[in-house]
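Please work from the sequences and hints to get the whole structure.
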Amino acid sequence: MKLIVAYVKPFKLDEIKDALREVGVTGMSVGEIRGFGRQSGQTEVYRGAEYKVEFVPKTRIEVAVGDDDVERVVAAIETAARTGDIGDGKIIVLPIEEILRIRTGERGAEAI
Amino acid sequence: MKLIVAYVKPFKLDEIKDALREVGVTGMSVGEIRGFGRQSGQTEVYRGAEYKVEFVPKTRIEVAVGDDDVERVVAAIETAARTGDIGDGKIIVLPIEEILRIRTGERGAEAI
Amino acid sequence: MKLIVAYVKPFKLDEIKDALREVGVTGMSVGEIRGFGRQSGQTEVYRGAEYKVEFVPKTRIEVAVGDDDVERVVAAIETAARTGDIGDGKIIVLPIEEILRIRTGERGAEAI
Amino acid sequence: MSEGTIAWLLVSSALVLFMTPGLALFYGGMVRSKNVLNMLMKNFFTISIVTVVWTVIGYTLAFGTDFGGLIGGLDFVALRGVEGDGLLFMVFQMMFAIITPALISGAVAERMKFSAWVLFTTLWALIVYPMVAHWGFAAEGWLFAWGVRDFAGGLVVHINAGIAALALVFALGPRRGFRAEVMRPHSLPLTLLGTGILWFGWFGFNAGSALAADGIAISAFVTTQIAASVAALGWVVAEWMKNGKPTTLGAASGAVAGLVAITPGAGFVSPMSAIAIGAIAGFLCFLAVSLKFRFGYDDSLDVVGVHLVGGIVGSVLLGVFAESRINTAVPDGLLFGGSDFFFKQVVAVLAVMAFTFIASYLLARIVKAITGLRVEENQETEGLDISLHEERGYVFSE
Amino acid sequence: MSEGTIAWLLVSSALVLFMTPGLALFYGGMVRSKNVLNMLMKNFFTISIVTVVWTVIGYTLAFGTDFGGLIGGLDFVALRGVEGDGLLFMVFQMMFAIITPALISGAVAERMKFSAWVLFTTLWALIVYPMVAHWGFAAEGWLFAWGVRDFAGGLVVHINAGIAALALVFALGPRRGFRAEVMRPHSLPLTLLGTGILWFGWFGFNAGSALAADGIAISAFVTTQIAASVAALGWVVAEWMKNGKPTTLGAASGAVAGLVAITPGAGFVSPMSAIAIGAIAGFLCFLAVSLKFRFGYDDSLDVVGVHLVGGIVGSVLLGVFAESRINTAVPDGLLFGGSDFFFKQVVAVLAVMAFTFIASYLLARIVKAITGLRVEENQETEGLDISLHEERGYVFSE
Amino acid sequence: MSEGTIAWLLVSSALVLFMTPGLALFYGGMVRSKNVLNMLMKNFFTISIVTVVWTVIGYTLAFGTDFGGLIGGLDFVALRGVEGDGLLFMVFQMMFAIITPALISGAVAERMKFSAWVLFTTLWALIVYPMVAHWGFAAEGWLFAWGVRDFAGGLVVHINAGIAALALVFALGPRRGFRAEVMRPHSLPLTLLGTGILWFGWFGFNAGSALAADGIAISAFVTTQIAASVAALGWVVAEWMKNGKPTTLGAASGAVAGLVAITPGAGFVSPMSAIAIGAIAGFLCFLAVSLKFRFGYDDSLDVVGVHLVGGIVGSVLLGVFAESRINTAVPDGLLFGGSDFFFKQVVAVLAVMAFTFIASYLLARIVKAITGLRVEENQETEGLDISLHEERGYVFSE
Ligand SMILES: Nc1ncnc2c1ncn2[C@@H]1O[C@H](COP(=O)(O)OP(=O)(O)O)[C@@H](O)[C@H]1O
Ligand SMILES: Nc1ncnc2c1ncn2[C@@H]1O[C@H](COP(=O)(O)OP(=O)(O)O)[C@@H](O)[C@H]1O
Ligand SMILES: Nc1ncnc2c1ncn2[C@@H]1O[C@H](COP(=O)(O)OP(=O)(O)O)[C@@H](O)[C@H]1O
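If you're matching them up, the sequences are chains A, B, C, D, E and F in order. For the first sequence, this note's numbering puts the final residue at 157, and the numbers step up evenly by one. For the second sequence, this note's numbering puts the final residue at 157, and the numbers step up evenly by one. For the third sequence, this note's numbering puts the final residue at 157, and the numbers step up evenly by one. For the fourth sequence, this note's numbering puts the final residue at 440, and the numbers step up evenly by one. For the fifth sequence, this note's numbering puts the final residue at 440, and the numbers step up evenly by one. For the sixth sequence, this note's numbering puts the final residue at 440, and the numbers step up evenly by one.
A couple of the hints might just be wrong.
Part of the chain E face toward chain C, derived, beta carbon under 7 Å [claimed, not checked]: (1) Leu-291; (2) Ser-332; (3) Leu-333; (4) Ile-400.
These are computed hints drawn from the structure, not numbers from a lab. All C-beta atoms, glycine included, are put in the ideal place defined by N, C-alpha and C.
As structure tokens, then:
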């Protein structure tokens with residue numbers, strides 16, 4: 046089992062969610078982060094003073110999937126999240142050693 | 046060493062914290078996320094327009110533990126987080142390769 | 046490739062970002078969390094009622110790096126984040142199995 | 043004027059001015075957080091623009107010597123000769139000239155260029171508002187002279203703003219994601235705060251329109267309070283029955299709908315009629331806000347549903363409930379035996395709608411030709427606060 | 043009435059109305075974010091409910107022809123014959139009838155059903171408030187006729203609301219997690235904003251109660267400002283000494299406590315007495331808010347500690363500090379040689395407490411039988427905004 | 043006084059009091075979220091402190107029997123003999139005495155100890171404010187007697203507060219991270235709300251300073267509205283040209299700058315002059331806020347740039363635009379043939395700046411010796427809300 050972590054543009058969340066649902070993903074967890082990367086941040090101006098805010102608002106998505114689904118899920122996110130512009134973000138795959146559904150105590154693939 | 050990640054119902058945080066403390070956990074990190082899963086989201090109504098908000102507020106807990114403590118900690122979270130209703134959430138175990146305490150520079154088990 | 050996760054004091058973020066940039070890191074993702082640890086939380090008082098809030102605001106940083114850069118990056122964070130006081134936080138290293146840049150579809154080291 | 047009346051009109055003017063920041067918050071809470079500042083800014087800046095326009099030329103176009111019932115002459119350009127009581131009347135009326143275009147801003151939220159807004163508001167405050175104000179408020183304006191009555195601005199303010207909003211929405215098109223995406227209010231507490239300020243300020247708006255601290259002012263004050271309350275009840279009961287839940291935004295919207303609807307008749311109807319007007323307005327405006335989904339125009343914050351519909355309801359119902367017993371300045375309405383007045387009110391509603399719709403649509407096209415109306419697609423996605431103002435509404439992480 | 047007085051009472055009425063949105067924000071900031079809209083809604087909707095109740099029947103029960111000192115007759119049903127000055131008095135008093143039940147809402151925050159609140163408020167505004175208002179404010183009400191004085195509503199508003207809150211809390215029970223969990227205010231800036239609005243509006247409340255723009259109004263204005271300020275000092279100094287830190291919520295709470303305590307005596311005492319009243323109220327109310335933890339009743343936002351205790355302090359101290367030199371409508375208090383008046387004030391406090399506690403508790407039981415009082419356990423956990431209103435207070439992520 | 047005038051001055055007093063909570067929000071939105079409560083608290087607590095100081099001794103030092111043009115005598119200690127109209131004047135002036143030190147708090151935001159603020163404000167309200175108020179407002183104060191005019195407090199309020207802010211900033215030093223770190227406003231909606239309240243309250247401030255509900259009040263009301271609007275335009279246009287973007291904070295800041303600048307001349311100049319004053323103030327204050335970066339003093343929220351510079355601009359321009367035709371209490375300014383008055387205004391500005399700078403700096407040193415001025419380094423890093431008040435501004439996660 047793998048944990049897929051994606052940093053994406055916030056307004057893409059809805060599309061990604063729909064894409065994931067289409068490839069059979071039934072759960073995910075989403076948080077707000079600030080990203081730093083090639084995409085340069087925003088200048089903000091307050092009373093004439095300029096602030097170069099290097100962090101850009103991004104959305105962080107976590108999806109736990111079975112080993113067989115990894116490629117399909119990664120591809121779904123990749124397609125849905127892409128705009129082609131700098132700052133589209135990254136997808137990372139981490140190994141999961143165990144997973145458990147709290148409600149039922151199920152473990153492993155069934156717990157996803 | 047393992048990193049235990051749990052997605053749980055927000056109001057369960059206090060009980061989980063207490064349960065973890067009882068099994069000897071001395072540290073954890075907690076964030077706010079929005080979860081998508083079997084538990085259906087909430088309908089919200091604004092000026093007569095209905096919005097089906099599929100994301101549910103959840104709390105994400107991270108605990109780094111030594112290999113021997115994994116089962117105990119997972120069990121503690123499981124028990125404290127369970128209500129028996131859909132949406133109780135998941136626990137995931139990830140392998141840690143190294144851990145370091147910034148203040149002292151200690152590494153490995155001592156750093157937890 | 047590794048994912049370096051660090052829990053640090055929020056006001057240290059700027060220094061850490063600069064330190065990381067100096068060692069060649071070009072991207073990172075940052076979130077707000079609440080930390081529980083040896084550093085005791087804050088007492089808050091509302092209308093005479095005392096609340097012991099055990100969670101302390103912390104910043105969580107994620108940096109994906111190539112295998113060769115791990116030590117350098119960990120050292121950079123360690124130095125920049127240290128104040129010497131309790132609560133400086135932890136750094137964790139997780140193995141990454143795959144990484145992908147959404148914009149270009151590049152994978153592996155190039156995608157970082 | 044007596045000192046008591048001066049005191050009351052100074053306070054009323056301040057109250058009506060306060061409504062525009064209140065409106066800014068009311069609207070600001072309803073947009074997404076990435077657009078909150080742009081929403082506030084469009085309202086605050088409208089204060090500045092209209093103050094200047096009104097001072098220099100707008101006031102005289104509205105209240106200068108009449109030309110054919112259509113517009114005022116240039117006698118008061120740059121406030122020449124406007125002093126004492128006249129100056130007080132000028133500034134009280136200025137506050138109405140300010141809030142009217144500000145009301146429009148809710149319809150075009152989250153996508154209209156700031157420069158386009160500035161230009162549109164300037165032109166609209168220069169041309170449309172003074173003409174309609176002349177018709178409805180000036181003694182020789184054709185509507186007023188013909189016998190139409192508009193106590194505090196049902197025609198001049200609410201129908202005028204509401205139909206202009208519709209015209210502008212047509213020229214502008216819907217937000218990206220309209221009807222597909224969730225576009226929830228980002229802070230209803232802000233909206234409720236705005237509602238409180240609007241309600242408070244509306245006492246100056248309506249009771250101040252008596253232009254004296256007298257029995258008419260008292261009467262207008264009371265009908266205002268009653269209509270707002272009953273309309274909030276009406277809206278909430280309607281949605282409670284339809285959707286199964288009473289909502290905070292429903293209560294706030296209902297209150298505003300009631301305030302709108304009582305505006306044309308505040309000093310002309312009895313407290314019991316105010317109950318009827320409030321109830322009908324609360325109910326009809328609740329129904330009206332769903333029209334935009336049916337017909338597909340994106341009136342983002344329901345300026346049409348609340349102000350246009352509420353203004354029509356109030357202006358027409360004034361033709362029903364007016365009582366010369368309450369105020370000798372108005373003939374009796376349908377219910378009290380006068381059908382003539384009712385007919386005139388209906389004609390006035392149609393006339394203002396037709397004129398303002400056309401004029402506003404033309405102005406929108408002109409503005410489009412000069413500055414363009416909409417922000418770029420990526421600006422809309424990123425949010426107007428950052429892309430147009432380089433500011434962020436909230437920073438909780440530092 | 044002179045135009046000056048009409049102007050002042052119109053403004054005062056608007057100011058007192060504005061207090062209820064202010065109170066909504068004051069309370070709204072103190073609850074957890076999942077309940078903020080419910081808190082706002084309970085207050086805003088109370089405006090609607092009471093406006094209707096008061097218009098139709100409440101006013102006449104309070105101020106109609108007296109029946110045995112206990113209640114007014116039905117002469118003014120649906121405002122029949124209420125015109126001019128009478129209409130102005132009616133609407134000024136309406137605003138008091140609105141805020142009184144609104145005050146209660148803070149005690150039952152975060153757990154009471156909205157439908158139960160609607161029913162309770164309606165009944166309470168129909169029965170309890172008009173009776174107590176009749177006793178304390180109407181010339182032939184038994185308390186007033188007997189010689190008790192209540193300038194702007196220490197008995198009628200604050201003690202009345204505070205003791206009703208206690209009764210309702212008994213019927214309702216504590217929030218889940220009371221005393222075990224952290225239940226912090228979610229937005230103190232909102233609470234401080236509410237405090238500012240309350241303070242501002244209170245000038246209409248107290249100085250407006252002179253019912254004229256005269257020396258008594260001026261005097262009441264000044265004592266109001268002083269007592270609020272000193273009580274804030276008193277509360278903050280007390281907590282600074284006890285807990286080692288001065289708090290923002292302490293300053294806000296102290297100010298409100300002072301405003302409550304000066305209410306019954308605002309137009310009857312000197313500025314120097316206002317300092318004493320403020321200091322005592324700030325100190326005692328600070329002590330009183332901890333009573334709920336000692337006795338275990340969950341008065342969520344301290345309506346008892348601030349309004350009941352503050353109201354008692356003020357009403358009793360009026361018996362000490364009243365000066366006929368300041369206002370001939372009041373006899374001298376203890377300090378100036380009159381003991382009779384002090385005694386009457388104490389009796390009045392006890393009488394209102396006894397009556398309202400019993401009546402409110404009975405109403406609460408009736409409401410419980412009809413709608414139930416509390417939300418379900420999982421609704422309370424999830425938050426009342428989503429579970430009762432299907433709305434969310436804040437959405438910062440879109 | 044007539045009832046109309048009493049009504050107007052009661053309302054004006056309430057409006058001016060409301061400005062301080064408005065200011066608290068205006069400032070509160072501009073600090074980082076970890077310091078918002080401390081910012082609010084410093085303002086709210088200033089209300090309490092100054093109310094007591096003014097009641098007991100400040101009023102008599104400002105308006106008691108004159109001593110050599112420099113200060114008032116002790117005749118009115120503890121308001122002895124202050125009644126009726128005098129009491130009304132006392133409380134109206136009290137509100138000015140409150141907001142003046144409150145204005146200073148913005149300059150020392152995010153680092154000054156609360157205890158030090160309490161002590162500084164107490165001493166400043168006891169010594170500096172009453173003296174300068176005596177000079178500028180009392181009939182025998184040396185500035186007034188000499189012929190200087192200050193309609194509503196350009197010298198007494200804004201220059202006085204602005205230069206004191208500068209002195210305190212020198213004594214205090216910059217925030218940790220000044221010029222290196224990003225220190226963004228945490229909630230501009232809060233700041234805009236504060237702006238709305240300030241603008242609303244300023245009508246009481248300026249038009250109330252006519253001390254009657256008369257033509258001067260009307261005139262002051264109108265110039266206030268105009269100058270605020272034009273200055274907002276001026277500021278925004280300047281920044282639009284310089285930085286390429288119009289900002290919300292710019293509009294808010296410009297409006298406040300205009301309100302400040304018209305204050306000294308509100309009842310003395312014509313509406314057309316108000317346009318000029320507003321435009322110049324908006325433009326100059328925009329330039330002035332960048333001075334702190336050039337000269338390296340950390341005036342956190344630009345009290346110097348807005349209030350000192352705006353106050354100077356307004357006081358000096360009054361010497362240019364004053365018209366005895368508008369108000370016989372003022373001589374003609376430069377533009378209307380009088381050079382003498384202009385000269386006196388300039389001297390007055392310099393005199394107040396010199397006196398208050400020195401006095402405030404000395405007070406700051408005294409306070410430093412007693413309590414210290416700054417919080418500890420780690421308290422500043424952690425935020426003043428937690429470290430000084432043990433409270434948190436926002437808790438959205440529960
Ligand atoms: N090395 C990294 N570790 C963690 N997150 C990263 C890393 N590099 C980029 N990110 C995340 O991905 C986002 C997009 O990266 P960026 O370099 O701006 O664009 P692109 O992915 O198109 O090259 C960043 O804002 C950040 O959230
Ligand atoms: N595959 C997944 N990857 C990441 N998070 C998940 C996944 N599935 C569920 N979650 C998280 O767990 C929460 C609960 O899941 P849900 O399916 O609603 O209930 P249950 O775990 O009781 O079956 C979700 O809200 C989400 O935060
Ligand atoms: N076992 C753990 N798992 C996850 N996060 C931890 C763990 N222990 C500590 N942390 C994080 O590190 C932060 C600092 O830890 P703390 O024990 O207070 O200080 P120190 O690291 O100096 O010993 C905590 O606030 C928490 O966010």
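Comparing the hints with the structure gives:
Nearest Cβ of chain C to the Cβ of Leu-291 of chain E: about 6 Å, under the 7 Å cut. The hint holds. Given the 7 Å rule on beta carbons, the hint for Ser-332 of chain E holds: about 5 Å separates it from the nearest Cβ of chain C. With a cut of 7 Å, the hint placing Leu-333 of chain E at the interface with chain C is violated, because the nearest CB-to-CB distance is about 10 Å. Interface hint at Ile-400 of chain E: violated, since its Cβ lies 29 Å from the closest Cβ of chain C, which is beyond the 7 Å cut-off.
The structure is inconsistent with the numbered hints 3 and 4, although it conforms to all the rest.
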